[in-house]
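Please construct the entire structure, taking both the sequences and the accompanying hints into account.
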Amino acid sequence: QKEVEQNSGPLSVPEGAIASLNCTYSDRVSQSFFWYRQYSGKSPELIMSIYSNGDKEDGRFTAQLNKASQYVSLLIRDSQPSDSATYLCAVVLTGGGNKLTFGTGTQLKVEL
Amino acid sequence: DVKVTQSSRYLVKRTGEKVFLECVQDMDHENMFWYRQDPGLGLRLIYFSYDVKMKEKGDIPEGYSVSREKKERFSLILESASTNQTSMYLCASSFEEGRGYTFGSGTRLTVV
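Order-wise, the sequence lines are chains X and P.
The first sequence: position 11 = 405 (the numbering used here), numbered continuously.
The second sequence: position 86 = 359 (the numbering used here), numbered continuously.
In short, the hints are calculated from the structure, not lab data.
Watch out, some of these pointers could steer you wrong.
[To be verified] Simulated crosslink set (DSSO-like; lysine-lysine; CA at most 30 Å straight-line):
1. X:450 to P:276
2. X:503 to P:343
3. X:436 to P:344
4. P:330 to X:396
5. P:276 to X:436
6. X:436 to P:330
7. P:328 to X:436
8. X:436 to P:291
9. X:461 to P:330
10. P:276 to P:291
11. X:436 to P:343
12. X:436 to P:286
13. P:328 to X:396
Right under this line is the structure:
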């Protein structure tokens with residue numbers, strides 16, 4: 395089992411819809427979780443961090459964390475074509491110090 | 274905003290050459306990291322450093338070394354470049370344990 399798993403996609407959603415991106419992780423004791431957005435040919439950009447169970451909202455983005463089930467998700471409301479990118483889930487694993495372990499990313503396509 | 278600057282956006286080198294990739298951050302961050310990113314494999318940690326003159330191996334250190342003589346600068350060295358080191362190289366920094374990274378713009382290295 396990979397330490398951080400994401401469905402590679404592509405996930406296609408129509409403009410204005412909610413995009414739901416999911417990530418599971420293997421380490422029950424992980425405490426820090428991040429979502430990065432990466433446009434083609436560009437470097438990853440941090441868009442959300444979450445540390446506690448529940449939801450965290452920032453504009454059109456909501457991160458959801460469920461430590462008991464070991465998953466973290468990212469919801470994008472009112473999806474726009476500019477949201478089309480690859481979304482990377484990253485986790486600080488136990489004993490990892492400050493190292494992030496990344497999933498391979500989910501490609502999101504928002505269609506007009 | 275934290276700025277992480279990678280000296281080259283694109284590089285083409287010959288097999289067997291010694292290659293230096295430079296990374297500089299301007300926010301006095303303790304922690305710096307080098308990743309490579311390949312399609313289907315995601316981001317993989319090569320080396321990291323938590324302090325000046327300190328370095329630790331990541332998941333794929335073979336064929337690489339690093340140098341951190343000053344806090345703001347973290348260099349990745351390919352001792353003898355090989356074609357399987359053709360990749361996107363990403364430098365990142367972070368302020369404290371458990372927090373997200375800021376990435377540089379990346380260096381796309383091609384070894385011919």
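Evaluated hints:
Between residue 450 of chain X and residue 276 of chain P the CA atoms are separated by roughly 26 Å; this keeps the pair inside 30 Å, and the hint holds. Taken as a hint, the residue 503 of chain X and residue 343 of chain P pair is broken in the structure, with Cα atoms around 42 Å apart against an allowance of 30 Å. A threshold of 30 Å between alpha carbons decides the hint, and for residue 436 of chain X with residue 344 of chain P the separation of about 25 Å falls inside it, so the pair holds. Simply put, residue 330 of chain P and residue 396 of chain X have alpha-carbon atoms about 20 Å apart, close enough for the 30 Å limit, and the pair holds.
A hinted pair counts as satisfied when its Cα atoms are at most 30 Å apart, and residue 276 of chain P with residue 436 of chain X qualifies at roughly 15 Å. About 25 Å separates the Cα atoms of residue 436 of chain X and residue 330 of chain P, which keeps this hinted pair within 30 Å; it holds. For the hint linking residue 328 of chain P to residue 436 of chain X, the alpha-carbon distance of about 26 Å falls within 30 Å, and the restraint holds. Annotation: proposed proximity of residue 436 of chain X to residue 291 of chain P holds, straight-line Cα distance about 25 Å (limit 30 Å).
Proximity of residue 461 of chain X to residue 330 of chain P is assessed by CA-CA distance (about 29 Å); at most 30 Å being required, the pair is judged to hold. Of the supplied pair hints, the one linking residue 276 of chain P and residue 291 of chain P holds, its CA atoms being roughly 27 Å apart against a limit of 30 Å. Pair hint residue 436 of chain X plus residue 343 of chain P holds up; C-alpha atoms about 27 Å apart against a cutoff of 30 Å. A threshold of 30 Å between alpha carbons decides the hint, and for residue 436 of chain X with residue 286 of chain P the separation of about 21 Å falls inside it, so the pair holds.
The hinted pair formed by residue 328 of chain P and residue 396 of chain X meets the criterion: a straight-line CA distance of about 26 Å does not exceed 30 Å.
Comparing the model with each earlier hint shows a violation of hint 2 alone; every other hint is respected.
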